[in-house]
Amino acid sequence: MRFHGSKGQVALIDTSPAVVLASLNKWTLDMARDRVDVTSFGDTNKVYVQGLPDIKGTIGGFYDAGDGGSPAGGGNLELFDIAEGDEAVTLRLMPSTVTPERFWSGSAFIDASIDVAANGAVTINGSFVAAGAWSRN
Amino acid sequence: MSSDSSNVDAAIVETLQGDATLAALLPDGVFIDVAPANKTRFVIVSQVIHEDHYALNDQAAFEQFLYLVKAVARDSSAGTPVKAAAVRINELLQFQPLTVTGYDHMLTRREERVRYTEVDSENPETRWQHRGGRYAVFVSPTE
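Just so you know, the sequences run in chain order A and B. Here the first sequence is numbered in the working numbering, starting from 1 and rising by one per residue. Here the second sequence is numbered in the working numbering, starting from 1 and rising by one per residue.
It is worth saying that the hints were derived from the structure and are not from the lab. Hints are supplied without guarantee of correctness; some may be wrong.
Sample of chain A residues at the chain B side, in silico, Cβ under 8 Å [claimed, not checked]: (1) Gln9; (2) Ala22; (3) Ser23; (4) Asn25; (5) Gly61; (6) Thr97.
No residue lacks a Cβ here, since even glycine has one placed at the ideal position from N, Cα and C.
Could you build the full structure based on these sequences and the hints that come with them?
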C-alpha cells in the first residue's frame, strides 16, 4: 500500500496523550550507518564493515503561535522551548495517520530555526539527532 | 466543520460597502464579478486565483487569494471618480486588518495596479474607466 504525505504527523510522546505539533508540513529521518573501509591485501574489491545507524532528521512547517502559543492550543512554539532547553524529548514520526501503528520513535535533541520573508508565510525548520535508542513500529 | 472561503469574499465586499467615502464616489455599489446592467459607477470584486496550503495530517494551514478590486465608471463630461476611488480602495485594503468569519487574517496587500479604458459595447463613443488593483489576501482557518 502506498501513501500520500499529507497525512504525516510529528508528535511528542513524553506525555499521554501525545502532543501533536501543529502546522508542520514535512519530516525526514536519516538512518545511515557508519561504514569503515577494511580493504586488505588480496581483496578483489573494497570491503567494508558496518557500524551503528546515525539517527538524525529534520522537521519543517509554518510558524504557528496557536491559541495561547502551545501545542494544546494548536501551535508549534514548543519546538523552540525544546531547542532552547537542555533536555531530550521523545519524538514520534508517523508517515501516515492512515496506519497509526506504523511510526519511528526515539529520544532526540532538537535544533530549531525560523525563516521570515516578506513574500510568504513564516516557516520553521528543525533538525534532530538521537539522544537514545530509536525504534520502528 | 471547515472554514468557508466565501466568507473572505464577503469580508472584502463588506469592507468596501461600509465606507461612506467610497460610496460617495461610486454610489451604485459593490458587486462580485458583474454589476447590474444599469449601473455606471461601482466597484467590482472578483477572485482571480486561490491556493490552499496544507500542513501534515491534512491540516489546512492557510489560504491565499488574489482578488481584482477595481473602481468602474462610465465617462461623463464631468470626468470619472475612478482615480479617487482607487486611492480609497487601496486605503481600505492595503495592509489593513480584515475580519473574516472562520479565519484569522494574515495579510492583504496589492500585488499589481490595474488601469485601463474600455469602449462601450453598444455605443463606441462611450468610454468606461477601470482603476484599482489585484490584491493578495492571506488567511488561516480557525475551524
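To see whether the hints hold, each was checked on the structure:
About 5 Å separates the beta-carbon of Gln9(A) from the nearest beta-carbon of chain B, less than 8 Å, and the hint is met. The beta carbon of Ala22(A) is positioned within 8 Å of a beta carbon in chain B (closest approach about 7 Å), and the interface hint is therefore held. For Ser23(A), the shortest C-beta to C-beta distance to chain B is roughly 5 Å, which falls under 8 Å, so the interface hint holds. Among the interface hints, the one on Asn25(A) holds; its C-beta lies about 5 Å from the nearest C-beta in chain B, closer than the 8 Å criterion.
Interface hint at Gly61(A): satisfied, since its Cβ lies 6 Å from the closest Cβ of chain B, which is below the 8 Å cut-off. About 6 Å separates the beta-carbon of Thr97(A) from the nearest beta-carbon of chain B, less than 8 Å, and the hint is met.
Hint check: no violations occur; every hint is consistent with the structure.
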